[in-house]
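**Q** First to last, the protein sequences are chains B and E.
Numbered per UniProt numbering, the first sequence spans residues 1 to 171.
Numbered per UniProt numbering, the second sequence spans residues 1 to 171.
Among the hints, erroneous ones may be present.
Same chains, same label: a pair holds when it works inside one copy or across any pair of copies.
Claimed, not checked - The calculated DSBU-like cross-link candidates involving lysine-lysine, where the alpha carbons are at most 35 Å apart (straight line), are: (1) 68 - 37; (2) 68 - 23; (3) 37 - 115; (4) 23 - 115.
In short, the hints are calculated from the structure, not lab data.
2 protein chains.
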Amino acid sequence: MAEADVINVDLEIIVHGVQGRSKPELRLWLRMLSTTKLISQEIRRRLRAEFGATLPQFDLMAQLYREKDGLRLGELSKRTMVTNGNVTGLVERLEADGYIQRLTPDADRRVTVAKLTDNGTIFFATMAAAHERWLQEMMADVDSRMISGLWSEIGAVKVSASNHLSGAAFE
Amino acid sequence: MAEADVINVDLEIIVHGVQGRSKPELRLWLRMLSTTKLISQEIRRRLRAEFGATLPQFDLMAQLYREKDGLRLGELSKRTMVTNGNVTGLVERLEADGYIQRLTPDADRRVTVAKLTDNGTIFFATMAAAHERWLQEMMADVDSRMISGLWSEIGAVKVSASNHLSGAAFE
């Protein structure tokens with residue numbers, strides 16, 4: 001806790017100090033970033049401590065939970081922003097644990113699809129419920145109207161950022 | 001742009017769908033996370049396109065910019081949350097580019113300190129100014145009072161999360 005806190009506070013101060021008086025947009029960004037990192041680190045810690053799971057495993061199972069028919073590995077890689085090689089490693093590990101199975105649908109024998117086993121479905125649902133509870137805990141001191149307000153206002157930031165992406169022009 | 005957008009929207013929908021009706025805290029968290037990822041990806045893209053730099057390089061130089069006397073590699077590793085091995089690689093690369101120098105202060109010859117060269121200082125200041133401008137651009141459609149309001153309200157989320165870390169108890 002202490003370490004994460006120091007690092008996050010630090011991050012705000014550092015870039016903050018660079019230009020002396022930072023623009024409000026930069027200050028907001030650094031605060032969003034440090035808050036997201038703080039909560040994300042805590043979620044990683046709790047997933048490991050309570051379920052022996054990693055965040056990439058959690059994210060990957062979340063994708064499969066939603067797609068009852070399973071997903072091809074390439075598609076899983078895209079959706080989790082994990083490289084193909086790493087997805088294969090993740091899937092193999094979760095398969096060994098009995099949470100995932102790999103299938104070759106009759107329709108196309110060249111294709112391999114990963115899907116959750118019944119055990120995997122139960123395991124993920126348990127983690128997802130805990131994950132939701134942890135977020136309620138971490139935000140317990142924030143007024144509930146502020147939480148709804150933040151959701152819609154951060155939505156405005158997201159829309160604005162989406163409208164100003166340089167995108168393919170720079171790729 | 002399209003790809004980043006799909007992935008981020010996806011992320012919100014996915015975990016959202018898991019419990020049917022998600023709690024407001026989970027909805028807020030997924031929106032914070034997807035917005036942070038969206039902006040972060042755009043910053044990575046622009047650093048690469050305009051400066052041929054990576055985000056870890058930018059973060060590392062930000063640390064050194066603040067510490068005019070330089071930092072030991074171990075300290076740099078802690079502050080950037082990059083492993084020791086990777087910090088060494090980053091430093092070597094930036095040294096080869098002439099942006100960083102490694103020194104052994106007279107006081108303690110066993111210690112190696114990294115600091116920005118004059119070129120590195122100018123290079124970082126240029127990137128930092130662009131970085132600040134990009135954030136203004138990306139948030140251009142958001143009302144300036146909303147930006148200040150968000151800064152303080154996300155501060156409340158950060159404080160609440162800090163107060164509810166499991167921290168060392170689970171380590």
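**Q** Report the numbers of all earlier hints that the structure fails to satisfy, in ascending order.
**A** Of the numbered hints, all hold.
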